[in-house]
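In order, the protein sequence lines correspond to chains C and W.
Following the numbering used here, the residues of the first sequence are numbered contiguously, the last one being 278.
Following the numbering used here, the residues of the second sequence are numbered contiguously, the last one being 1208.
Just so you know, the hints here were simulated from the structure itself, not pulled from any lab data.
We put the beta carbon where it would ideally sit given N, CA and C, even for glycine.
This list has only true hints and no planted wrong ones.
For lysine to any residue, the following SDA-like pairs were computed, each having C-alpha atoms within a straight-line distance of at most 25 Å:
#: 1; chain 1: W; residue 1: Lys1116; chain 2: W; residue 2: Met1031
#: 2; chain 1: W; residue 1: Lys1159; chain 2: C; residue 2: Met191
#: 3; chain 1: W; residue 1: Lys1155; chain 2: W; residue 2: Asn1174
#: 4; chain 1: C; residue 1: Lys225; chain 2: W; residue 2: Gly1206
#: 5; chain 1: C; residue 1: Lys188; chain 2: W; residue 2: Glu1153
#: 6; chain 1: C; residue 1: Lys107; chain 2: C; residue 2: Asp165
#: 7; chain 1: C; residue 1: Lys188; chain 2: W; residue 2: Asn1174
#: 8; chain 1: C; residue 1: Lys166; chain 2: W; residue 2: Cys1170
#: 9; chain 1: C; residue 1: Lys188; chain 2: W; residue 2: Pro1204
#: 10; chain 1: C; residue 1: Lys166; chain 2: W; residue 2: Ser1199
#: 11; chain 1: C; residue 1: Lys166; chain 2: W; residue 2: Asn1203
#: 12; chain 1: W; residue 1: Lys1159; chain 2: C; residue 2: Ile209
#: 13; chain 1: C; residue 1: Lys188; chain 2: W; residue 2: Glu1145
#: 14; chain 1: C; residue 1: Lys188; chain 2: W; residue 2: Asp1197
#: 15; chain 1: W; residue 1: Lys1155; chain 2: C; residue 2: Tyr187
#: 16; chain 1: C; residue 1: Lys188; chain 2: W; residue 2: Phe1166
#: 17; chain 1: C; residue 1: Lys166; chain 2: W; residue 2: Ala1202
#: 18; chain 1: C; residue 1: Lys188; chain 2: W; residue 2: Arg1160
#: 19; chain 1: C; residue 1: Lys107; chain 2: W; residue 2: Glu1208
Counterexamples of contact, computed for chain C against chain W with all Cβ distances above 10 Å:
#: 20; residue: Leu110
#: 21; residue: Met127
#: 22; residue: Tyr138
#: 23; residue: Val228
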Amino acid sequence: SNFIIKQWYQRRVVITAGGFSFDNCRRNAFMEKQGITFPTARKTGTTICGVIYKDGVVLGADTRATGGSIVCDLNCEKIHYIADNIYCCGAGTAADTEFTTRMVSSKMELLKLRTGREGRVISALRMLKQYLFRYQGYISAALVLGGVDVTGPALYTVYPHGSTDKLPYVTMGSGSLAAMSVFEDRYKLNMEEEEAKALVCDAIKAGIINDLGSGSNVDITVIRKGEVEVFRPYQVVCQKSQRQGDYTFPRGTTVVTNTTEMVPFSALQVTDEEVMEL
Amino acid sequence: KQWYQRRVAITAGTLGSYGSLARFRDIQRLMKVNDSTIIGGFGDYADFQFLMKLLRQQTIDDEVVGDGVYRDAPAIHNWLRCVLYNRRTKFNPLWNTIVVAGKNYGGEPYLGYVDKIGVAFEEKTVATGFGSYIALPMMRKAMDENPDMGVEEAKAVLKRCLRVLFYRDCRSLNRFQIGVVSAGETSISEPMSADTDWSIGANPSGYE
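When you get a sec, could you build the whole thing from the sequences and use the hints?
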């Protein structure tokens, strides 16, 4: 009889295969029909871009995070750390980009400890695209991955469904077309560092100025062999202006019609006490 | 001011009939209405031809009056706005986006935009379709840096925009006309092409 019980138990074990469970979708659709509004995902409606220049990679990003049509974060960080020599810009749903890059960053660290070598950009790329493909595009993370490893500078772009591109200049996000117009106009192979930084800055600025989903500042990260330089911010494009008037009301603005003196609790004295029996 | 012509792309695209087929590669999308106005059309070409016919008739009417006064760009812009908004209100729109480029009676440059839903405004830089995402940032930057540019500089800016549009817009062709309205002359150029540089294509290989 022990054997029979063991068999019954084993048959009940469900093997999870990864990916999302869509069990609640019907319930959610029903709730939406009832008129319940769901909270909007916080997105980084973004402009992110990267270029390969002579000595390495320059990554750039704007700093606005939006929830619907409200700016929820004026100065968020979109260039995420993957490894000492690899950084990743993220566009799409903020939570998705944050957690995906953090997961890959920890996997890269484990890989580095296991192999005893500096990680390669291609490893991070493989991890990212295999992860995103498994979720069939439901993880809305569009990434620009760049870094310098033993094979040289590398720049890739990863789409939410898991496809990747290997290009000398890339842009992603809602402001990608504006930024790409700058790149297509002025990109050259083997640029100097200052030229590359100026180009990336202009591309992000084009996104910030012409795209409503991007704004605030330009962040730039320069990755060279052996060192990384983070400029946060590289340039402040939209500065919050100073309030011109003083809007505090002076004392006496509101007419006092009636005054009641409040007795402090400590001034009260207990005169009679009766404890009720439960 | 200058307006630019989006290359002879699939103008029937919005209808869907000729979607991705580059059926007609040599059509005129810029029309010289009179000495003070050039209009350009985006969207359904049949509707644009209809508008061109009406405008041609208007110019003839102006000539027939014989007082030497022709409708200027703001007048034509306003007329187009009325027509397009009226049609949209009757649920029978003329499926076009028209750019009106010209000068007013005082000789000052004028650039206006009218939509199929009747959206109309006047601006220094205007673009339709894909151009509003790709060319407009470039044109705005050029105008910010150099607000008083001359004809040749402006033509160069437009050519740069058209080159990038040819790189990035799938449904485009490297063939366009540039129309100029200035104090002296109003003319539409012969069709021309932008110089393209594809040397960078050798660089990327593979996707990993």
